[in-house]
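For reference, the chains in residue letters:
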Amino acid sequence: MNKKSLLNKIVFRSKFDKKKSEEIFNFIFKSISEELKQQSSVEIEGLGTFEVKHRGIKRAIDKKRNREYLIPPKDKIYFTPDESLIAKINEKR
Amino acid sequence: MNKIDLINKISSEFGISKIESSEYLESLLDILAKSFRKGKNINIAEFGKLRSFTKYIEDGRRGKFISFSPVKKLADDVNSDFNDLFATTVALLNDKSRFDLISIEELEPEEDSIIVFDDSGYEDIPVERFAIDEEPEDLIERSISGSGNITIEEVDFELDKGNEIEEDYAVETIGHDDSQDEIIPEIIEDEISHGTLDDDIVNVLKSEATFENELTESESEIEQDTQKSKSFYEELISEPEEISFADGTTEEPETSTPSDVTEVDTDIKYKVEEPIEEESEPITISDKVTEVIPYKEKEETEEFVDPDDLLPGHMKDDVIENVVAPPGDHIALTDDLLKIIEERRRLLLESDNGDDTETVEPEIHESKPEVTETISDKVISEEKSPEDVIDDNELRKVEAERQKFLDEQKSKKEVTNILEEYGIYREPTDEEIESKPEEKKPTDEDEEKFNSILKQYGIYNEENGKDSSDTETQDVTEEDEEEQKVKNILEEYGIQRDEEVDEVKPEEPETGNILDEYGVIREPVDETEVPTPEIESDTSKEQAREEGNILDEYGVIRDTDEKTTEQEQEKADDDIEIPEMDFGKIFKGEVESDTHVQDEIIEDEREVVIPDELKTLHEEISEEKKDLPPPPPVNVEPSYDDVFELRTETTSQKTSSSKPEYNLGLNKEEEEKDDSKIFTLSFVILIFVILIVALLTYTVFNYGLIGSDKEKAQEMIIEDEPTEQVITEEDAGQNQRMDLLKTDETDDVEEVPVPTEVQERQGDQRQLAPGEEEQIAYPEAKVVIIRTKDGYFIQVGSYSRENVAQQKVAELKGKGADAFMIRSELERGTFYRVRVGSFDNLDSAKSYADKNLN
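Protein sequence lines, in the order shown, are assigned to chains A and B. Counting from 1, one number per residue, gives the positions in the first sequence under our numbering. Counting from 1001, one number per residue, gives the positions in the second sequence under our numbering.
Check the hints yourself; a few may be wrong.
[Unchecked claim] Cβ pair distances, simulated, as ranges:
no. : chain 1 : residue 1 : chain 2 : residue 2 : range
1   : A       : Ser40     : B       : Ala1400   : 49 to 57 Å
2   : B       : Glu1414   : A       : Glu83     : 41 to 49 Å
3   : A       : Lys20     : B       : Asp1059   : 41 to 49 Å
4   : A       : His54     : B       : Glu1023   : 16 to 24 Å
5   : A       : Glu83     : B       : Phe1679   : 25 to 33 Å
[What the hints assert, rightly or not] Computed cross-link-like contacts, DMTMM-like style, restricted to lysine to aspartate or glutamate with a CA-CA straight-line distance of at most 25 Å:
no. : chain 1 : residue 1 : chain 2 : residue 2
6   : A       : Lys30     : B       : Asp1392
7   : B       : Lys1789   : B       : Asp1840
8   : A       : Lys53     : B       : Asp1084
9   : B       : Lys1009   : A       : Glu23
10  : A       : Lys15     : B       : Glu1020
11  : B       : Lys1808   : B       : Asp1840
12  : B       : Lys1397   : B       : Asp1407
13  : A       : Lys64     : B       : Glu1414
14  : A       : Lys76     : B       : Asp1005
15  : A       : Lys76     : B       : Asp1076
16  : A       : Lys9      : B       : Glu1046
17  : A       : Lys20     : B       : Glu1046
18  : B       : Lys1018   : A       : Glu35
19  : A       : Lys53     : A       : Glu34
20  : A       : Lys20     : B       : Asp1843
21  : B       : Lys1072   : A       : Glu35
22  : B       : Lys1009   : A       : Glu91
23  : A       : Lys88     : A       : Glu45
24  : B       : Lys1410   : A       : Asp17
25  : B       : Lys1003   : A       : Glu23
26  : B       : Lys1009   : B       : Asp1059
27  : A       : Lys9      : A       : Glu91
28  : A       : Lys4      : B       : Glu1023
29  : B       : Lys1034   : A       : Asp75
30  : A       : Lys19     : B       : Asp1030
31  : B       : Lys1782   : B       : Asp1843
Calculated directly from the structure, the hints in this document are not laboratory data. A virtual CB, placed ideally from N, CA and C, is assigned to each residue, including glycine.
Same shape as in the complex, but just chain A:
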């Protein structure tokens, strides 16, 4: 599913016209991503939580080349879907 088709669907439901709905749509995800950039978590009821977690240094071994690597630490986004959403998705009709 694309952003465009999603927007088209939203336009049917919402009061706003296409342009404004797109703006709002973009704003929502932009605000989420900005929040994530500040290393803070975003919890949206009905969708899930976006979290930024820190992963420590890793060591890697390449057996083929007989090498050992150090992989630097990292901040990574983790998404855990909301239980209500999963229940909704898997609901039997």
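Chain A is already provided as a structure; the job is to place chain B on it using the hints.
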């Protein structure tokens, strides 16, 4: 951020009411949910991909789940702090020596995979991601002499300035910028000389000894690794003083070939192993050449690829770079990484100077002689360090560790053999390492076994006993784990197992196993019912002793011992005071006490004593049993002696005769017999009952059939209305008469002369009333003959429809028969009967029916 916050934000941004904005959000989420429900993925530009996939959610149920993979830009922005960091090669692992200490769990995955170990666990990354295909040597050469970007800076040491900085540092950097120089903690000439470096870094670099001491302190807490770590660190501490000065640091680290480094690598094993076990410690890794392979971003910007996965794939060997985060920004990184890099560098030096620094290695040899022997023979021949003082306790610990290690490796080797078959795992070094200890070990084990066997037969020497007792204390734990389990189970049921029997008798373990299997069920039986056979066995045993054929009868070795001891004792002294033994303890299964007692006795008297005790025990028990009345005491709790006797003799019986008692006991058989009787009886009764019921039902059914058959026959005839045979009728009244009159007129022509006899017969029959009819079935012609007062008629059929009846009449008339139709009204409805006649006689009617209507 919360959902409410988001709604507030939207409303404030676009000047919408909160309700509207919330509605918008809800609709969006609803659409998302619906699309997820259909299994669609959702791409959101500049944000990421929400992917729906199926997995096991709960209770083994499969369901859809959602994952999120951000756009690379977002991921990078989030990871802005560490984006500058690239993966670095920490060590070159030559000769696979590194892998000797890696557990097989790590080696199990396919050869072409990288093992990433972390606090969290292990992950496999396919090697294909790596762009490096050349051998490490080539890479190093290229890095040194290759592209112009690389600048190798070496530090010529000024020893006068500081004793702390004694090593030469080779730093490969790429794009050597001023900014990087500030950042990179690797020592650069100018900064060292000018002292422009940050204090932290300099301290870290300068304080090797302190660092190592810290390590030792931290490790001292852990008892097992104390030996390895201490010895190793002592070497490390002693190294630089001896080596770096003597060798002269002019040698370039890069020139050292991997083959030179092998010895050092092998030695460093122990150090490499530590960080894996101890997570808290900073990672210390052996290294020959410090390389830093930069993290090269792909030009193709894939939106939703997880950058973490791509990490190793973009490493490039052409460019070598040292990248470390700016120390100020990330304190944790500097603390950890700097230490690591420092450690690496130090190890690098060792590897470079490894050829000349032979004095260092013997220290290792002393501390851990076994391993060094196996790894390299050179080391053994080398000089020994002045430090000869090693505590015996430490040595013992090391030996114990080594044994553990070897045991582990034995188990591993089985796996490795399997792996070797598939070509996954091949290490010749392992065999060399493992083979030597394996050869040694079995001999010890054999000795132990031999000693134990000697014990069992009562032939036992003090010297061997001591040795074996020492070894046993170590090994018994492993061997008797199963027995202990059994014991625990037995204790739960209030019956404790006599382990002395295990020691004395070789055959006991078999019985023990059987007991384990049947132990739970059989124990109550033992308590109550077995004593009767016990006494018999005792008596039999005594007889056997007299005869001297116990061995042959029961095949039990112990009896012979008893016998021999008996004879010997009788010969020697009958008055020997046997030390009072707590047989209860022995039979309660206190192994150690038993062994001690045995040992003591053995030390006291060369002659075997235990069998005597047992013999006395037997005698006592047998006497007691004789005194006791034969019927089994049901409720009396059997003492452990009793239990012991039972078990032993049951075993003997079992060997000689078939094994009745282990098949749930003798009584069970009796019960089974009774059960079988009851079963047969009940079965017979059941059969009788069934027969009676069948007879009853048959008779009832028969009587029912008699009644029903008649009724059915009538009904059948009645119901066959549409067919030709129709029988039911009531008086049709005048209509019938009228018809009959008509027929009489018509039928006169074909009347057959009627024989008188028949008339006479008819005269015998009762005379019918004028409206009355009698039906006479004549199935041969499929016709019913009807007798009336006026004569006989052949009824060809009766039809519910008049048309059909008229057609039939027409047909019959066409054939020349005197057919006519009678309308009869019944309760069921009106029927039209087609009849032919009349005939004077029944025979004539029949004959006519046969001729014409058939």
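Failing hints, ascending? Per hint list: 4, 5, 6, 20, 22, 24, 26 and 29 violated.
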